[in-house]
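**Q** One letter stands for each residue in the lines below.
Number of protein chains: 2
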Amino acid sequence: MKIIDSKVVNKNRFVTVVAVTYEDQKGNRKQWHMVSRGNQPKCITGRIQRPDATIIVPYHQQKNKLVVIKEFRVPVGGYQYGFPAGLLNPGEELAAAAGRELHEETGLDLVRVYRHSPAIFSSAGITDETITMVFAEVSGAPGTHLNEDSEDIEVFMMDQTTVRELMQQEDIVFGARAWLVMDAFVRMGKTYLTGGETVM
Amino acid sequence: MKIIDSKVVNKNRFVTVVAVTYEDQKGNRKQWHMVSRGNQPKCITGRIQRPDATIIVPYHQQKNKLVVIKEFRVPVGGYQYGFPAGLLNPGEELAAAAGRELHEETGLDLVRVYRHSPAIFSSAGITDETITMVFAEVSGAPGTHLNEDSEDIEVFMMDQTTVRELMQQEDIVFGARAWLVMDAFVRMGKTYLTGGETVM
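Going down the list, the sequences are from chains L and C.
Those letters in the first sequence? Residues 38 to 237, per my numbering, in order.
Those letters in the second sequence? Residues 38 to 237, per my numbering, in order.
Watch out, some of these pointers could steer you wrong.
If several chains are the same, the list does not tell them apart, and a pair holds so long as it fits within one copy or across any two.
[What the hints assert, rightly or not] Within a straight-line C-alpha distance of at most 30 Å, the following computed BS3-like cross-link-like pairs (lysine-lysine) qualify: (1) Lys63 - Lys44; (2) Lys44 - Lys107; (3) Lys107 - Lys39; (4) Lys107 - Lys67; (5) Lys39 - Lys63; (6) Lys67 - Lys44; (7) Lys107 - Lys63; (8) Lys102 - Lys227; (9) Lys100 - Lys44; (10) Lys39 - Lys100; (11) Lys48 - Lys67; (12) Lys67 - Lys39.
These are calculated hints, taken from the structure and not from any lab test.
Please model the complete structure; the sequences and the hints are all you need to start from.
**A** Right, dumping it as structure tokens:
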């Protein structure tokens, strides 16, 4: 398989649709439509080290709780349970972006990063968006007075039992990365959140 | 926050860009551009129970190994480590879709589902795509003769140590859901893969 070239077919502020021409295993030229956060897709630029966004998995050590948010998301058409997240600003370092988004969305402060993933692909069939998962210790009292007008967020501090009960509810919606983190937390407890560096 | 209506601004076979008009917390009308797998976004149809796609986390019990694939993905512009996955066909049941995609991509057979997630959102800022994670026992010998021309897949059987080593490599690319599963598997071992039903 080989990437030949790409063409922007539709562009909006945060969403660019790109038609990528590629050669399949038999040498046939085909097109793949995908969505990019930037002006050019990563399969052309080759810049896959820096993530587009970060998702913070916040562990409040003093309270011994996982911080979970319930946030209105337009594509969901309602509320989704997940974690604080957001796009990195140009030139912004990962930990700075994680601390900024955490503070804006929950009022909490980032104390230290336990571990983080590399830049990983959100859903590589449809988009070249990448994110970095940041497992971090946080402190402070939750508050949402820094939310923007288009942010509608509630902050919860949850122990293992509360997360287990949350996941058993059938009428609520989860983000995929958050569901996987919560499922592992329910099975392994707080060592999953605070466990040592394994990657990067 | 309130969804008002939506308009398709660009449509291709697997990717539809939709501009959703919504009211923010102060009553201001705004637009959110997002990508949908279907003709209408889920925030309008309200159909969020059925996932668009499934990701299978295959545990080969006889060999005591996790099955991992390395697959060429156009949006990555190269190979990504992850798990077998694919879109559900219209009317197709979840376990059937999981078994079919597993077999097409790896040659293996689905024996039973240990547990699965509900339909969870891939990345709710950019898309209403949902997936269901299926943790399953699989059997058989790996083979890729059923791959389509646009599929370029290598199948690996990995134990905990091999996955840990894989995750320490810096020059390879992971899918986000796969990275989270592998990270939890490295920390918890096979009970993470086979552990009892917690959700649905």
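**Q** If a hint holds in the structure, say so; if it doesn't, say that too.
**A** How the hints compare with the structure:
1. Lys63 - Lys44: Classified as within: same-chain Cα gap 23 Å, cross-chain 38 Å, threshold 30 Å.
2. Lys44 - Lys107: between (37 Å within a copy, 27 Å between copies)
3. Lys107 - Lys39: between (41 Å within a copy, 16 Å between copies)
4. Lys107 - Lys67: Answer is between: at 21 Å across copies they meet the 30 Å cutoff, but 41 Å inside does not.
5. Lys39 - Lys63: within (11 Å within a copy, 48 Å between copies)
6. Lys67 - Lys44: Intra 13 Å, inter 28 Å, cutoff 30 Å: intra and inter.
7. Lys107 - Lys63: between (47 Å within a copy, 19 Å between copies)
8. Lys102 - Lys227: both (9 Å within a copy, 26 Å between copies)
9. Lys100 - Lys44: neither (50 Å within a copy, 45 Å between copies)
10. Lys39 - Lys100: neither (51 Å within a copy, 34 Å between copies)
11. Lys48 - Lys67: both (22 Å within a copy, 17 Å between copies)
12. Lys67 - Lys39: Classified as within; 10 Å inside a copy, 40 Å across copies.
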